[in-house]
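All chains, please: the whole structure from these sequences, using the hints.
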Amino acid sequence: MFGEEYDIIVVGGGHAGAEAAAAASNMGSKTLLVTMNLQTIGQMSCNPAMGGIAKGQIVREIDALGGYSGIITDKSAIQFKMLNKSKGPAMWSPRAQSDRMRFAEEWRMALENTPNCDFYQEMVSGLIIENDKVVGVKTSLGIEIRSKAVVLTNGTFLNGLIHIGEKQFGGGRAGEKAATGITEELTKIGFESGRMKTGTPPRVDGRSLDYSKMIVQPGDAKPEKFSYLETPVLTEQRDCHMTHTSKLVHDLLREGFDRSPMFNGRIKSIGPRYCPSIEDKINRFADKDRHQMFVEPEGWSTVEVYVNGFSTSLPEDVQYKALKSVVGFENVKFFRPGYAIEYDYFPPTQLKHTLETKLVDNLYFAGQINGTTGYEEAASQGLMAGINASLKLQEKDPFILTRDEAYIGVLIDDLITKGTEEPYRMFTSRAEYRTLLRQDNADLRLTPKGYEIGLASEERLRRMEKKKENSDSFVDFFKKTSVLPDDINPILERVNSATVKQSDKMFKVFSRPKVTMEHMLELESVSSFVTDNSFDREVLEQTEIQVKYSGYIAKEKNNADKLSRLENIKIPENFDYSKLKSLSYEAREKLKAIQPVTISQASRISGVSPSDISVLLVYMGR
Amino acid sequence: MHFKENIIALATASGAGAIAIIRLSGEDVISLADKHFKSVRGKSLVQQKSHTIHLGHIIDGEKTYDEALVSVFKGPNSYTGENIIEISCHGSPFIQQQILQLFLSNGCRMAQAGEFTLRAFLNGKMDLSQAEAVADLIASENEASHQIAMNQMRGGFSSEIKKLREQLLNFASLIELELDFSEEDVEFADRTAFENLLMHIEQVLKNLIDSFAIGNVIKNGIPVAIIGEPNVGKSTLLNALLNDDRAIVSEIAGTTRDTIEDEIAIGGIGFRFIDTAGIRDTADVVESIGIKKTFEKIEQAQVVVYLIDSTELSADRLSSLKIEISKIKNKHPQKPCIVIVNKIDRLDSKRKTAIQNQLPEALFLSAKNKIGLEELKQKLLGFVNTGALRNNETIVTNSRHYDSLLKALSEIEKVRLGMSEDLPSDLLAIDIREALHYLGEITGQVTNDELLGNIFANFCIGK
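Those protein sequences? They're chains P and A, same order as listed. Per the numbering used here: the first sequence = residues 1 to 622. Per the numbering used here: the second sequence = residues 1 to 463.
Here are the in silico distance ranges between beta carbons for each label pair:
| no. | chain 1 | residue 1 | chain 2 | residue 2 | range |
| --- | --- | --- | --- | --- | --- |
| 1 | A | Asn-357 | P | Lys-592 | 52 to 62 Å |
| 2 | P | Leu-484 | A | Gln-203 | 37 to 47 Å |
| 3 | A | Glu-202 | P | Glu-522 | 37 to 47 Å |
| 4 | A | Asn-106 | P | Leu-484 | 35 to 45 Å |
| 5 | A | Glu-183 | P | Ala-286 | 17 to 27 Å |
| 6 | A | Glu-195 | P | Ile-215 | 31 to 41 Å |
| 7 | P | Arg-512 | A | Lys-35 | 27 to 37 Å |
| 8 | P | Glu-518 | A | Gln-203 | 32 to 42 Å |
| 9 | P | Glu-130 | A | Glu-183 | 41 to 51 Å |
| 10 | A | Asp-422 | P | Tyr-585 | 47 to 57 Å |
Straight-line C-alpha distance at most 20 Å; calculated SDA-like pairs for lysine to any residue:
| no. | chain 1 | residue 1 | chain 2 | residue 2 |
| --- | --- | --- | --- | --- |
| 11 | P | Lys-570 | A | Asn-123 |
| 12 | P | Lys-288 | A | Phe-188 |
| 13 | P | Lys-557 | A | Glu-434 |
| 14 | P | Lys-288 | A | Glu-184 |
In short, the hints are calculated from the structure, not lab data. Glycine included, C-beta positions come from ideal geometry on N, C-alpha and C.
This is the structure in structure tokens:
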């Protein structure tokens with residue numbers, strides 16, 4: 001059935017698996033995507049939305065490198081918002097509500113249209129490993145499929161266990177079987193595994209809700225999009241709605257606490273602190289008498305609605321009774337109850353920066369199997385695993401992004417250096433240089449790299465180069481052009497900024513906190529420069545950011561450069577730390593376990609002090 | 001490898017009337033030194049050849065700090081392979097600290113433990129066989145300076161900074177919360193309260209920075225714990241040492257004045273005597289809680305002086321004393337311990353011999369009649385000269401704090417300016433993070449995880 005050997009087998013077809021398969025195929029690897037259910041490729045298991053703070057930046061990065069998530073999101077979006085617009089540009093974060101069914105359909109079509117990508121539906125129950133190297137997979141039917149590399153993206157399916165109240169049953173997602181065999185096999189050969197927990201809220205019938213009692217949450221008036229390529233912009237959008245829980249709702253929920261798997265000890269694994277269940281919220285923050293809930297449509301044409309903020313594993317009768325008491329939900333009809341799920345993961349300190357495992361060559365892990373949460377986090381790991389598996393087969397250098405280059409770099413470095421005790425989600429505050437990692441410049445940061453490894457298309461590179469050329473020339477224009485007091489003072493007065501007495505460079509005036517591009521465009525010379533060069537919105541935005549935040553961008557660049565000096569000092573593979581008696585005991589043990597690749601990575605391991613780093617520096621030499 | 005930062009540190013141990021050497025290394029140190037050096041012949045250091053020595057004064061504007069010899073070494077033919085300036089100044093801790101502070105405020109930062117040697121190694125001035133020795137040196141110097149930093153963290157100084165840093169961290173968390181969770185129903189940082197906190201921190205930092213300035217030599221003294229029951233003659237001993245020498249006596253000013261310590265200069269070296277009066281209140285010497293407290297005092301000290309009243313010595317008391325002293329010595333084998341038997345003017349020779357048999361190392365003196373004082377002083381000084389004690393580390397640690405305080409202050413000022421200009425909070429956060437980092441250099445380490453942990457512990461987050 002599979003006569004020919006594949007280059008890469010991707011196990012799993014979620015966000016990680018789909019991106020891995022797409023990247024591998026596009027880089028010329030003969031790829032097979034094996035999934036338990038071909039109907040659920042690109043399935044959104046939880047909320048029907050992509051992006052958000054820090055996550056939106058990741059989607060832009062995936063797109064800039066040549067991944068598919070941005071394009072798929074644009075094609076299936078039903079609402080778009082740029083979050084945090086009132087904050088600095090590092091915080092601007094795109095988010096889209098998606099049509100859940102169309103999102104999955106677009107993924108399936110995109111992969112089917114990708115050359116080199118084959119599909120097969122079956123459960124992978126084991127790996128074929130020869131001489132510490134993976135050479136294929138075994139399926140539950142006993143078929144062996146050979147390949148040069150394997151990417152595992154099992155999500156919540158490995159020994160998945162679903163909880164609703166006192167009931168529990170095996171499953172990887174509501175209505176889908178769990179996957180068995182892989183964890184057992186991997187732990188037998190020395191992998192360490194653990195359990196994590198996550199949860200999801202009920203889905204209900206939108207026709208049973210009274211939206212007139214809720215607060216409308218529309219999309220942006222001028223919606224933007226994720227992809228740097230030519231993708232559709234929304235001309236019509238669907239609203240979300242907001243409502244709140246109440247004391248009554250909390251009391252009703254509390255009645256079910258004795259039957260909650262969270263509180264009666266049945267669930268032992270750790271869930272994400274920042275994505276708590278409703279019972280967890282009212283238990284931990286007892287003084288708060290209401291919590292926000294967001295009512296999100298699941299698509300253009302379905303009546304199904306996602307009740308964001310009400311994630312729960314309480315018994316379904318308790319869920320129903322409590323939800324009925326929420327304003328606007330008086331006549332609610334359930335489609336599916338909320339549930340919690342426990343699943344296996346592998347502490348990610350067992351991986352290299354390429355996401356290849358340290359124990360087994362050519363075996364890569366991506367997504368929730370590494371202890372992360374979130375579609376965007378998963379997709380970006382899938383992309384990087386797909387890229388690196390392909391590069392390794394092509395005998396090329398690995399592709400590693402640093403912490404000052406991309407959130408993806410922060411994500412992977414955190415995972416393999418620090419590991420994670422709870423499902424890991426990206427935050428902007430995890431990045432040391434957040435001002436450099438903006439959604440507006442992901443293409444400038446990453447598209448040249450994506451092109452160089454053979455993933456991003458030439459069209460992508462051209463578009464990015466054009467944008468850079470235009471914004472550079474516009475910044476230059478502001479640096480060189482002066483403005484007269486008579487022209488600029490009326491604007492300055494309007495924004496309560498001190499007026500100028502003599503003509504000054506535009507760059508200087510524009511740098512003032514309250515002066516914006518819109519103000520500058522009021523100046524005849526500026527607006528005609530824009531028209532003459534037919535600059536688009538992206539160029540204006542890029543220019544404004546580069547002028548207004550030049551000081552902070554330079555400061556962070558400078559700090560990042562200091563760090564990269566340590567980044568360039570490599571630690572040899574299998575370095576024997578036990579020789580270094582000058583290191584503290586704790587540092588020695590941690591370094592031995594993590595085996596950092598560079599001095600810089602070593603410095604981020606908790607328990608490794610600056611003094612230990614100095615000692616390492618000496619040994620690594622100049 | 002190329003290092004942009006200019007570093008400075010004391011290269012010698014300080015000594016009475018002797019010369020101290022302050023070393024600067026880095027790209028710009030020659031021009032930096034030039035700005036604060038007035039040659040007697042009007043020479044500019046920048047124009048001098050490598051490996052030359054110049055006489056002049058270390059100045060800051062109109063103010064003259066000291067007459068000094070300045071040596072110029074140009075990279076790569078120097079110890080570190082970079083440009084080096086060595087200032088040979090007078091050995092007083094006061095002058096050393098002033099000169100260090102002058103350069104810390106003007107383009108240098110305090111060298112890390114072993115950093116000169118590290119740079120020398122990394123710049124190819126040493127071969128690989130020396131690597132191990134360098135590594136050991138760095139590890140041990142760090143250990144020592146860390147210990148001393150802890151010793152110095154007494155009174156309100158560290159706890160005040162700690163408290164302020166915690167408050168700032170809390171605010172930083174709120175700001176991060178606003179940023180990462182702006183979509184959610186969370187409380188936002190109260191700008192007025194934040195402004196007040198910043199002003200308060202600024203004031204405290206300024207006060208602390210001032211306290212490092214002129215007149216505060218006292219912080220540099222070698223800490224000496226005097227142990228003994230009340231009335232064994234501690235004050236008399238201190239006064240005797242005082243009157244005999246040109247000495248400075250003053251209170252150590254922490255922000256809270258819970259300890260009173262006397263600083264006495266002996267042979268130009270400052271010794272800070274930590275009073276442990278009234279520490280013992282039970283007769284059960286070995287097991288008493290008093291012992292615990294005594295050990296706490298000893299913890300802070302570099303030298304232990306055990307003062308005994310010779311007139312109160314029964315045979316029982318003498319043997320329990322022996323046990324106590326050996327306990328202290330066992331617990332702190334590194335710390336010199338001097339046993340002093342006071343009031344020998346009231347002691348007959350027979351009893352003196354009896355005590356001597358039991359405590360052969362004891363020093364006999366009469367504080368009241370100033371007998372034996374010289375021996376005590378020589379003994380204290382001896383520790384310094386034989387290297388059992390190193391006074392320079394206390395200055396280094398102090399200067400490190402000073403350096404961090406200056407930087408923290410500058411960042412706090414930036415945050416306030418940013419707030420007044422309505423700077424977006426993600427940019428404010430950059431300056432706040434830096435301020436936290438510098439305050440953290442004094443009290444401990446700050447990481448992003450700390451911020452996130454604080455957020456999750458205190459706020460309800462998550463849809």
